[in-house]
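Please take these sequences and the hints and turn them into a complete structure.
The chain contents come next:
There are 2 protein chains.
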Amino acid sequence: MTEDVITFLEREHDAILERLKAVLRLPSVSTDPAYADGLKAARSFFMDRLSAIGLQDVQLLDGGGHPAVYGAWNGAPGAPTLIVYGHYDVQPPEPFELWQSPPFEPTVRNGRLYARGASDVKGSTTIAVETVAAYLAVTQRCPVNVKIFIEGEEEIGSPSLRRIVERHRDLLQADGMISADGGRGSTEVPTLNTGARGIAWLEVNVRTAAKDMHSGRYGGALRNALHELAALIASLHDPEGRIAVPEYMAGAPALTERQRSDAAALAIDETAFYAELQGVPRGDRSYSVVERLTLLPTIEVNGMCGGYTGPGGKTVLPCTATAKLTMRLVPGQDPQKAVEAVRRHLEARCPCGVKLTFSQNGGGSPASSLEAGHPLLVAAETVIERTTGQRPVLTRLGGTVPILAIFKEMLGLDALVFGFAKPDEDVHAPNEFFHLSSIPEGLRAWTLLLAELAKFKPEEFHA
Amino acid sequence: MTEDVITFLEREHDAILERLKAVLRLPSVSTDPAYADGLKAARSFFMDRLSAIGLQDVQLLDGGGHPAVYGAWNGAPGAPTLIVYGHYDVQPPEPFELWQSPPFEPTVRNGRLYARGASDVKGSTTIAVETVAAYLAVTQRCPVNVKIFIEGEEEIGSPSLRRIVERHRDLLQADGMISADGGRGSTEVPTLNTGARGIAWLEVNVRTAAKDMHSGRYGGALRNALHELAALIASLHDPEGRIAVPEYMAGAPALTERQRSDAAALAIDETAFYAELQGVPRGDRSYSVVERLTLLPTIEVNGMCGGYTGPGGKTVLPCTATAKLTMRLVPGQDPQKAVEAVRRHLEARCPCGVKLTFSQNGGGSPASSLEAGHPLLVAAETVIERTTGQRPVLTRLGGTVPILAIFKEMLGLDALVFGFAKPDEDVHAPNEFFHLSSIPEGLRAWTLLLAELAKFKPEEFHA
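Heads up: the protein sequence lines correspond to chains A and B, in order. First residue of the first sequence: -7, per the numbering used here; consecutive thereafter. First residue of the second sequence: -7, per the numbering used here; consecutive thereafter.
Wrong hints could be hidden among the right ones.
Identical chains blur together in the list; that is why a pair holds if it fits in one copy or across any two.
[Stated by the list, open to error] Derived lysine to any residue pairs resembling SDA-like cross-links, with alpha carbons at most 20 Å apart:
{"id": "1", "residue 1": "Lys306", "residue 2": "Gly57"}
{"id": "2", "residue 1": "Lys13", "residue 2": "Trp193"}
{"id": "3", "residue 1": "Lys306", "residue 2": "Ala26"}
{"id": "4", "residue 1": "Lys13", "residue 2": "Gly391"}
{"id": "5", "residue 1": "Lys414", "residue 2": "Gly305"}
{"id": "6", "residue 1": "Lys32", "residue 2": "Arg11"}
{"id": "7", "residue 1": "Lys13", "residue 2": "Val419"}
{"id": "8", "residue 1": "Lys447", "residue 2": "Arg161"}
{"id": "9", "residue 1": "Lys203", "residue 2": "Gln382"}
{"id": "10", "residue 1": "Lys306", "residue 2": "Asp24"}
Since the hints were made in silico from the structure, they are not lab data.
Structure below.
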């Protein structure tokens, strides 16, 4: 039965690629209100597709922001029910001038499909949807019950996801979740992801006077908002780039032996890593790069701005400055406590009179983690051994999938991350792409995965 | 002889006031193309007046923008030659509704002449022109050779002044300059301005990787350009906001007793100063605010930017960041050496592998300064003591005056600022006015000044 489905998917390859290109043409940038039409078009695309392949209850689940697309197939009584997760929103395309082909005109070059969202995560979302489509087309049924849930706010931290889950708690009852978001950990060895770092957001605003002033007339006796903000941002790390906020680090437990040996199994050529990115090493050198990227927390400034930044110069003494921070959290760190620790650190270092205010772009999410022996992990390991001939190395994601944390917390669902993006695909950057070879690989693996999951009883997912 | 000239000017007072009113009726707003006719009329007015009083070579000096008005009297061989500087352009009058009488209908109320440009600087420019006129009318000669230069772009930053000087270098050869622009520093005590801080420009660029990266996937092992730039910018000052670049400060000599006592004589209410600006104190508290604003150098970041700064958030690890710096220089600091000192400071603190590059938005200008014993200063001090009975308090400007810097750099001329505006005259604001009492005061002082300057030999101005 699974072989018929796989054969069908192989025949359908070109049609699937065209459908992926079609959705990549829709500019669904969730952070920028200018892209409202693109988001709407991407929702309509998936609504239409879920209806066309025979799902029921196809609808938008609204939580007050960009709604999620939902559709279910519940024709396998007694079999487990899985939420299949993807997202239709993408990161902003800027800077446009660095793209070799326009970000919303999907273009194939050298076995790669270039477009904003190709890797993150319209490619893997399409693989998941098309696998279910193929089962229903070929066998008129699916091995497990499936609830497809395609979010519209993943790239902005899923701000309304909690309300969506609250409002549609009944619709979202399930035994586990499979996420198409979060890719493979290596281009070399098969890996299996057991979770992701969490995230917390904090925007820092500094004000030093009522208005911008003339730097000649006032320079030398008045605080400059950019100097103050620079000093505050600099205080978050030591010169090596190690986090210098003890209260924040106190929430992160020491690494286990198992974590360290798994990381060692995936050791990368660190010299090559830095050479390829033309990047400069940073952080605690007693941990490997893999450990620093996935098992240790971070504090990063994602953007900072103040004063005059146009062409030429302007002799202004800026009175305000802003920095956008995110923190990547490890299991054990609470997002709100992490934010408070950083706030307190900054407040303690803010000179008297300088006004420091904070805002948050999202509530944040704790790290997620899938424990050993779980049906999702067992099934996935089986599929990977069958498709690659190797036992996968367990990894974790450095990035954040808020959905994993929220579905665990609100619906009790553990999640398997089973996306097919590869680590070289320039996600969030210009010239994002998806390896075309990942399409057949992903379709085959997802077909086998749904069949493997059918071998478990629903209650085994909740053990 | 000077008494005859002063007597003549006293008799001519009403006619001079009428001529001042006439030029104040001409709306010569340089920033707004709608006022082209007003600028042209103001030029014609001064061209006619310079010709009428007997100057030679009366002409427009064109640098591609609003031309300057020029006229010379060279009948005193062996005596020094002075450029007399003023400007015929004014600031925009808006907001009109706040003017008690129309901005271009000069109106006398309570001993004040209200009009746009009355204080800045048609009043003092008229005083300078009429002084020369009176000498020529009464004595058929002037104590010194005079080259009157009335600029048309002072209020927009003198964009074509360098080209004017370049094109008319021969015409502008002189031994020194007297500027009618830049007024008295106090309504209480007589002051004399001896110069202004200079300026140097430096743009700092940091690069930490070949491209922006996903902060989840790469965060923790790679340097972040904004963190690195923040640390570099923070290193320029200590926590009090004192400059922490010893090599830069080494170029700035310690303040003299005279400088400190003069600054003390003009002490401001520092609490009120900070309260009005809602500003936060900064810098070396062993110096007063007046000293920090005018006698000490600065390093300011005028703008800084990197990463994502649009609405919402973006989980990017920025690979580049930029800061625009300006330095306000005091006498003794060379602009290029100041830039080099800051460069070396930043380079020494830049972590290995982080790429630091620099660009400059302009060549910079050294501070302008009349040193003790300079004929311009000696003559001006003598005049002020004679006219007020008090020794003037020496002041300096915190900002940079392009005309002073350009004439020093391109023609080697030191300048005396000898305008008669007072600090309460609402320059650049609605209801700008000129104290009527400043007209006889200014005419008398300028008459004496030209006579005093004639006591020096040309070469003494270049010592």
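Intra/inter-copy verdict for Lys13 and Trp193 if alpha-carbon distance must be at most 20 Å: neither (32 Å within a copy, 49 Å between copies)
Which holds for Lys32 with Arg11 at a C-alpha limit of 20 Å: within a copy, between copies, both or neither? within (17 Å within a copy, 67 Å between copies)
Checking Lys414 and Gly305: alpha-carbon separation at most 20 Å within a copy, between copies, both or neither? Classified as neither; 42 Å inside a copy, 24 Å across copies.
At 20 Å max between alpha carbons, let me know whether Lys447 reaches Arg161 within a copy, between copies, both or neither. neither (26 Å within a copy, 94 Å between copies)
At most 20 Å between CA atoms: does that hold for Lys203 and Gln382 within a copy, between copies, both, or neither? neither (63 Å within a copy, 34 Å between copies)
Between copies, within a copy, both or neither: which fits Lys306 and Ala26 at Cα up to 20 Å? between (30 Å within a copy, 16 Å between copies)
Homo-oligomer pair classification [Gly57, Lys306; C-alpha up to 20 Å]: Answer is between: at 17 Å across copies they meet the 20 Å cutoff, but 39 Å inside does not.
Have a look at Lys13 and Gly391 and pick one of within, between, both or neither, based on CA distance no larger than 20 Å. neither (25 Å within a copy, 58 Å between copies)
Quick one: Lys13 to Val419, C-alpha cut-off 20 Å, is that within a copy, between copies, both, or neither? within (17 Å within a copy, 62 Å between copies)
First find the shortest C-alpha distance between Lys306 and Asp24 inside one copy, then the shortest across copies, and answer within, between, both or neither for a cut-off of 20 Å. Classified as between; 10 Å across copies, 29 Å inside a copy.
Hint violations for this structure: numbers 2, 4, 5, 8 and 9, all remaining hints satisfied.
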